[in-house]
Amino acid sequence: MDLSGKKILIDPGHGGEFSGKTYKGRQEKDCTLKISKALENLLEEEGTTVYMTRTRDKDFGGKNLDDDINKRVKYINERYSGKGIDVLLSIHVNTERLISRVGVLYPEKGKASKILAENLARKYATFMGNTGYGEADLAILRDTKVAGAKALIETGKINQSWYDDDEEVEQAAFAIVAGLYDYFREID
Numbered sequence: 128m129d130l131s132g133k134k135i136l137i138d139p140g141h142g143g144e145f146s147g148k149t150y151k152g153r154q155e156k157d158c159t160l161k162i163s164k165a166l167e168n169l170l171e172e173e174g175t176t177v178y179m180t181r182t183r184d185k186d187f188g189g190k191n192l193d194d195d196i197n198k199r200v201k202y203i204n205e206r207y208s209g210k211g212i213d214v215l216l217s218i219h220v221n222t223e224r225l226i227s228r229v230g231v232l233y234p235e236k237g238k239a240s241k242i243l244a245e246n247l248a249r250k251y252a253t254f255m256g257n258t259g260y261g262e263a264d265l266a267i268l269r270d271t272k273v274a275g276a277k278a279l280i281e282t283g284k285i286n287q288s289w290y291d292d293d294e295e296v297e298q299a300a301f302a303i304v305a306g307l308y309d310y311f312r313e314i315d
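Reminder that position 130 of the sequence shown reads as 257 in the numbering used here, one-by-one numbering, no gaps.
FYI, nobody ran anything at the bench for these hints, they're computed from the structure. Don't take every hint at face value.
[Stated by the list, open to error] Below, computed lysine-lysine pairings styled on DSSO-like, alpha-carbon distance capped at 30 Å:
{"no.": "1", "residue 1": "K198", "residue 2": "K272"}
{"no.": "2", "residue 1": "K185", "residue 2": "K161"}
{"no.": "3", "residue 1": "K241", "residue 2": "K284"}
{"no.": "4", "residue 1": "K190", "residue 2": "K164"}
{"no.": "5", "residue 1": "K272", "residue 2": "K151"}
{"no.": "6", "residue 1": "K161", "residue 2": "K201"}
{"no.": "7", "residue 1": "K198", "residue 2": "K238"}
{"no.": "8", "residue 1": "K238", "residue 2": "K190"}
{"no.": "9", "residue 1": "K236", "residue 2": "K201"}
Kindly generate the complete structure, drawing on both the sequences and the hints.
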């Protein structure tokens, strides 16, 4: 089982005016793009077709964050319809607060997405430690229509310094790729 021929859509969370979480100059929109590009490179090396919702610091023209997310969903549904996307991964970073979690979220009643989330969480735990997964009612998961399975990954907390280390970012991306391998192995 390999990833060649698979089609993965990566959605680096936030961007442009909507920077997401910030901590001492570190911005979520930059962290998500950095991880997404590392993930794109690893997947392309595996022969995967990779699509990215953004490859630079831009938003989707929303008046506020919710509007921007809705415009992002509309963009995804229009731009990637009919492309046969196997998996949509939305990459995020959580707050530094104690109760914020690192883990994988999937849409309610999403059977394939739950299998995806389980496999991603298990492999991501090799990088991050305690990584859970669970259902979430989020627009990017609920309203996108282009992928067979989808997940939102809270890759860590914004105050963690590993986001500034290219090798550690690569390790995080590698753990996600390993989770994708396990997912496709399980469903094929």
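Quiz item: CA of K190 to CA of K164, is that 30 Å or under?
Solution: It holds: about 27 Å lies between the C-alpha atoms, which stays within 30 Å.
Quiz item: K161 and K201: Cα distance at most 30 Å?
Solution: Given pair K161, K201 holds - Cα atoms ~24 Å apart, limit 30 Å.
Exercise. Would you check the hint for K198 and K272, treating anything up to 30 Å between C-alpha atoms as holding?
Key: holds, 14 Å
Quiz item: Going straight from one Cα to the other, do K198 and K238 come out at no more than 30 Å?
Solution: holds, 26 Å
Quiz item: Holds or violated: K241 with K284, Cα cutoff 30 Å?
Solution: Since the Cα atoms of K241 and K284 sit roughly 23 Å apart, the hinted pair holds (cutoff 30 Å).
Exercise. For the pair supplied as a hint, K185 and K161, confirm whether the alpha-carbon distance does not exceed 30 Å.
Key: Since the Cα atoms of K185 and K161 sit roughly 14 Å apart, the hinted pair holds (cutoff 30 Å).
Quiz item: Is it true that the CA of K272 sits at most 30 Å from the CA of K151?
Solution: violated, 36 Å
Quiz item: Given the proposed pairing of K236 with K201, does the C-alpha separation stay at or below 30 Å?
Solution: holds, 21 Å
Practice problem: Decide if the proposed pair is consistent with the structure: K238 and K190, CA atoms, cutoff 30 Å inclusive. | Solution: violated, 34 Å
The structure does not agree with the numbered hints 5 and 8 stated previously, though it agrees with the rest.
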